[in-house]
Amino acid sequence: MALLQIAEPGLSTEPHKHRLAVGIDLGTTNSLVATVRNGIAVCLVDEEGRAMLPSIVRYHADGRVEVGRSAAVAHATDPRNTIISVKRFMGRGLKDVAYIESMPYDFVDAGGMLRLRTVQGVKSPVEVSAEVLKVLAARAQASLAGELTGAVITVPAYFDDAQRQATKDAAKLAGINVLRLLNEPTAAAVAYGLDNAAEGVYAVYDLGGGTFDLSILKLSRGIFEVLATNGDAALGGDDFDHRLFCWALDQSEIDPPSSEDARRLLLKAREAKELLTACEEASIKAALGSGEKVDLVVTRDQFADMTKHLVQKTVAPMRKVLRDAGLAPEDIKGVVMVGGATRMPHVQRAVAEFFGQEPLTNLDPDKVVALGAAIQANVLAGNRKDEEDWLLLDVIPLSLGLEMMGGLTEKVVPRNSTLPIARAQEFTTYKDGQTAMAFHVVQGERELVADCRSLARFELRGIPPMAAGAARIRVTFQVDADGLLSVSAREMSSGVEASVLVKPSYGLTDDEIAGMLRDGVERASEDIDARALREQQVEADRVIEATLVALEQDGDLLSAEERAAIDAAIGEARETAAGHDPRAIKRSTEALSRATNEFAARRMDKSIRQALAGHKVDEIQV
Amino acid sequence: MSIDLLQDFFGLFGLPRRFRIDEAALEFAYHDLQGRVHPDRFAHLPDSEKRLSMQWATQVNEGFRTLRKPLSRATYLLELMGVDAGLHTNTAMSPAFLMEQMEWREAVEEARAAGEAEELAQLHTRLRQHSREVFDELARQCDDEHDYSAAAETLRRLMFMEKLQHEIDDALEALES
Numbered sequence: 050m051a052l053l054q055i056a057e058p059g060l061s062t063e064p065h066k067h068r069l070a071v072g073i074d075l076g077t078t079n080s081l082v083a084t085v086r087n088g089i090a091v092c093l094v095d096e097e098g099r100a101m102l103p104s105i106v107r108y109h110a111d112g113r114v115e116v117g118r119s120a121a122v123a124h125a126t127d128p129r130n131t132i133i134s135v136k137r138f139m140g141r142g143l144k145d146v147a148y149i150e151s152m153p154y155d156f157v158d159a160g161g162m163l164r165l166r167t168v169q170g171v172k173s174p175v176e177v178s179a180e181v182l183k184v185l186a187a188r189a190q191a192s193l194a195g196e197l198t199g200a201v202i203t204v205p206a207y208f209d210d211a212q213r214q215a216t217k218d219a220a221k222l223a224g225i226n227v228l229r230l231l232n233e234p235t236a237a238a239v240a241y242g243l244d245n246a247a248e249g250v251y252a253v254y255d256l257g258g259g260t261f262d263l264s265i266l267k268l269s270r271g272i273f274e275v276l277a278t279n280g281d282a283a284l285g286g287d288d289f290d291h292r293l294f295c296w297a298l299d300q301s302e303i304d305p306p307s308s309e310d311a312r313r314l315l316l317k318a319r320e321a322k323e324l325l326t327a328c329e330e331a332s333i334k335a336a337l338g339s340g341e342k343v344d345l346v347v348t349r350d351q352f353a354d355m356t357k358h359l360v361q362k363t364v365a366p367m368r369k370v371l372r373d374a375g376l377a378p379e380d381i382k383g384v385v386m387v388g389g390a391t392r393m394p395h396v397q398r399a400v401a402e403f404f405g406q407e408p409l410t411n412l413d414p415d416k417v418v419a420l421g422a423a424i425q426a427n428v429l430a431g432n433r434k435d436e437e438d439w440l441l442l443d444v445i446p447l448s449l450g451l452e453m454m455g456g457l458t459e460k461v462v463p464r465n466s467t468l469p470i471a472r473a474q475e476f477t478t479y480k481d482g483q484t485a486m487a488f489h490v491v492q493g494e495r496e497l498v499a500d501c502r503s504l505a506r507f508e509l510r511g512i513p514p515m516a517a518g519a520a521r522i523r524v525t526f527q528v529d530a531d532g533l534l535s536v537s538a539r540e541m542s543s544g545v546e547a548s549v550l551v552k553p554s555y556g557l558t559d560d561e562i563a564g565m566l567r568d569g570v571e572r573a574s575e576d577i578d579a580r581a582l583r584e585q586q587v588e589a590d591r592v593i594e595a596t597l598v599a600l601e602q603d604g605d606l607l608s609a610e611e612r613a614a615i616d617a618a619i620g621e622a623r624e625t626a627a628g629h630d631p632r633a634i635k636r637s638t639e640a641l642s643r644a645t646n647e648f649a650a651r652r653m654d655k656s657i658r659q660a661l662a663g664h665k666v667d668e669i670q671v
Numbered sequence: 024m025s026i027d028l029l030q031d032f033f034g035l036f037g038l039p040r041r042f043r044i045d046e047a048a049l050e051f052a053y054h055d056l057q058g059r060v061h062p063d064r065f066a067h068l069p070d071s072e073k074r075l076s077m078q079w080a081t082q083v084n085e086g087f088r089t090l091r092k093p094l095s096r097a098t099y100l101l102e103l104m105g106v107d108a109g110l111h112t113n114t115a116m117s118p119a120f121l122m123e124q125m126e127w128r129e130a131v132e133e134a135r136a137a138g139e140a141e142e143l144a145q146l147h148t149r150l151r152q153h154s155r156e157v158f159d160e161l162a163r164q165c166d167d168e169h170d171y172s173a174a175a176e177t178l179r180r181l182m183f184m185e186k187l188q189h190e191i192d193d194a195l196e197a198l199e200s
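Chains as they are written, first to last, in our numbering: chain V, 50 to 671; chain R, 24 to 200.
Since the hints were derived computationally from the structure, they do not count as laboratory data. Treat each hint with caution, since some may be false.
[Said to hold, decoys possible] Computed cross-link-like contacts, DMTMM-like style, restricted to lysine to aspartate or glutamate with a CA-CA straight-line distance of at most 20 Å: (1) R:K92 / R:E185; (2) V:K144 / V:D529; (3) V:K635 / R:D70; (4) V:K635 / V:D590; (5) V:K221 / V:D568; (6) R:K92 / V:E323; (7) R:K186 / V:E496; (8) V:K217 / R:D70; (9) V:K460 / R:D167; (10) R:K92 / R:E132; (11) V:K460 / V:D529; (12) V:K460 / V:E475; (13) V:K342 / V:E309; (14) V:K362 / R:E199; (15) V:K369 / R:E133; (16) V:K480 / V:E508; (17) R:K73 / V:D654; (18) V:K369 / R:E190; (19) V:K183 / V:E323; (20) V:K362 / R:E196; (21) V:K334 / V:E323; (22) V:K267 / R:E199.
All chains, full assembly: derive it from the sequences and hints.
What follows is the structure, encoded as structure tokens:
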């Protein structure tokens, strides 16, 4: 394998085919961006050669937004406008966030997802995350010297629908085309599995800055099949820092500190925690603004002891995930450790004890997720080579359900179902002439709606008026490969498609996102029309190219007449794409898409028939 | 156009319509099909093809889920054979079976009340053993005797046992946490 990049940056050996794609690990503490270069996944670095970008965003009064290390400098002096660990707020309300009272922010509780009041106005966690993503995307564009086709963005496997949607919305605000949301432990398994040609059942223990995931995967002949996943979307290295911080306050007998002092001391606690990975003891020294001094020494054993309840919190998910997968600890061939927090020796000990084997720590736990995401992004962007014949089959982490009478949950999609999945349920009207119906969608395992996560309320309208009980309304839940839910409904006797109005409980509405996009574009003094035009042109090119490839492979599936119609639609799309009217481009692209619908269905059938033919041959051989 | 393939899951995975299946062949066919239709193979393609891929991948997952588990496979097979297993409407059971069920339930209840995890785990294993035997009976009725109405009754018994199995698991989980 060539280690030197000989081609000019941005030029690959197949310039007409290779598309630039990246994997982004949007972490609680640090974020990374990686790509596949000459067949090897690498993290992209900043001007100073650093791969990790601290997930810290500072809003300045003059309208500047600072991200990363330079923003971290103001961590303790301007805590209200310097947002850290924003991932913990994604898709969350104020009530959901632990020790929120000790955080220095000016929270706005407008119901739904919490907001932060900064010198630049009220910000949603989605907008703050978008700032981190923008910096990573810019780093990628500069380093790859070209336009990005898209990105795979990783999320904790245990993220619910609202948290996933918030992540996808952040990417949208940052102007990034999301190829896929990929679960962090699955990304790590890909990087590890492909690197080591692993086969068998593996566990991935992923303890990040703010989230914990445990996934069980079966690796066999290039298929990465997630059997079950469990976790805690609010448990991570941050909690260990916070515990040490509380201990330090306690030991030094300090009254509730100011926001500035709290940040200063929290940072010292984190440094001490990191030191304890390599050393038997660490000191915590800080001169506070209040005049008080902290001067303490903490040993590794003391730290392990004061945080053992946190490590213990990861044991129950380990047990549950094995039960869901129908496995015992001894069935696990290897345990892959991911996330900076797995460096803590007592965490490694607990995992080794549970699984009865030393965990695999030969990978960089900070980078492996981004690298796995980059490998997946490369394939999703269409750069798959024939020998890269592997596939991910992931699951939904938490059951989806509907609220029934009496506040009980009716499960519609069970947890650990392989994605994509669709489930339908039928309902009827209870009043004569009823034309609307309301539903409440929740996520979680508990029986009571109040104990589950509220995702959205939606309303069906346009049900044809009938006698009570006569209408048959079929509500379909579809969860896509990103783990995101969409709902559709149809009245079965009349065939009327009811319109579904969704009001997300902890998410942004389409209008809010459109508003934020407009604001962002204005601030960047970017021409919104130019952006729309460029997006439409890219889409048109994509559809034209895909159609040409399809024609080359399977043109024989079409009659001369059908072929002519598609050729004409291609010509039309090409012509409008050369012009400057985004709406005309959109129209002709959609027309081309429609013209190829039947062709695409035939191609899919052909592929499936080939699979069936293949099985028959196998049966004869056996 | 694709209706013939969609008609039944056995056909989709290239398997004969029987209760006893070659599990390795099912899994192989499942992976092969997902390799062709999964959304990850279509991520760079136009939306219309992505939609098509999602529909197919959903269908393939549904088929695999249905055939992999013996209980859902049997339910599905009987449905294909035009036998209504009456899982929700027909709750008539032989008195002997109901008696046996009561005894099981009492044993589970006692173990739960006494907090005996060990006892519950044993009940779990014994019940599993027992249901394996009943599944063998079901396989004979379906594949050898083609007596689908007898199979339907056996299936209803298995449903009862499955429910009981869940109750044991829930009790175990409650004891552990």
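Against the structure, the hints come out as follows:
1. With a C-alpha separation of about 12 Å, the suggested pair K92 (chain R) and E185 (chain R) falls inside the 20 Å cut-off, and the hint holds.
2. The straight-line distance between the Cα atoms of K144 (chain V) and D529 (chain V) is roughly 29 Å, outside the 20 Å bound, and the hint therefore fails.
3. A threshold of 20 Å between alpha carbons decides the hint, and for K635 (chain V) with D70 (chain R) the separation of about 13 Å falls inside it, so the pair holds.
4. Restraint check for K635 (chain V) and D590 (chain V): the C-alpha separation of about 11 Å stays at or below 20 Å, so the hint holds.
5. Restraint check: the Cα-Cα separation between K221 (chain V) and D568 (chain V) comes to about 13 Å, which is no more than 20 Å; the hinted pair holds.
6. The hinted pair formed by K92 (chain R) and E323 (chain V) fails the criterion: a straight-line CA distance of about 47 Å is larger than 20 Å.
7. The suggested pairing of K186 (chain R) with E496 (chain V) holds, with an alpha-carbon distance near 17 Å, which does not exceed 20 Å.
8. Between K217 (chain V) and D70 (chain R) the alpha-carbon distance is near 17 Å, which keeps this suggested pair within the 20 Å criterion.
9. About 37 Å separates the Cα atoms of K460 (chain V) and D167 (chain R), which puts this hinted pair outside 20 Å; it is violated.
10. At roughly 27 Å between alpha-carbon atoms, K92 (chain R) and E132 (chain R) are farther apart than 20 Å, so this suggested pair is violated.
11. Restraint check for K460 (chain V) and D529 (chain V): the C-alpha separation of about 18 Å stays at or below 20 Å, so the hint holds.
12. Between K460 (chain V) and E475 (chain V), the direct Cα distance comes to roughly 13 Å. Compliance with the 20 Å bound is thereby established for this hinted pair.
13. Distance hint between K342 (chain V) and E309 (chain V) is fulfilled; the C-alpha atoms sit about 14 Å from each other, no more than 20 Å.
14. For the hint pairing K362 (chain V) with E199 (chain R), the CA-to-CA distance comes to about 13 Å; that is within 20 Å, so the pair holds.
15. For the suggested pair K369 (chain V) and E133 (chain R), the alpha carbons sit about 24 Å apart, so the restraint of at most 20 Å is broken.
16. At most 20 Å may separate the alpha-carbon atoms for a hinted pair to count; K480 (chain V) and E508 (chain V) meet this at roughly 16 Å.
17. Between K73 (chain R) and D654 (chain V), the direct Cα distance comes to roughly 15 Å. Compliance with the 20 Å bound is thereby established for this hinted pair.
18. Taken as a hint, the K369 (chain V) and E190 (chain R) pair is honoured in the structure, with Cα atoms around 16 Å apart against an allowance of 20 Å.
19. For the proposed pair K183 (chain V) and E323 (chain V), the alpha carbon gap of about 29 Å is over 20 Å, so the pair is violated.
20. For the hint pairing K362 (chain V) with E196 (chain R), the CA-to-CA distance comes to about 16 Å; that is within 20 Å, so the pair holds.
21. Taking the CA atoms of K334 (chain V) and E323 (chain V), the gap is near 15 Å; set against the 20 Å cutoff, the hint holds.
22. Taking the CA atoms of K267 (chain V) and E199 (chain R), the gap is about 26 Å. The hint is violated against a cut of 20 Å.
Checked against the numbered hints above, the structure violates hints 2, 6, 9, 10, 15, 19 and 22; every other hint is satisfied.
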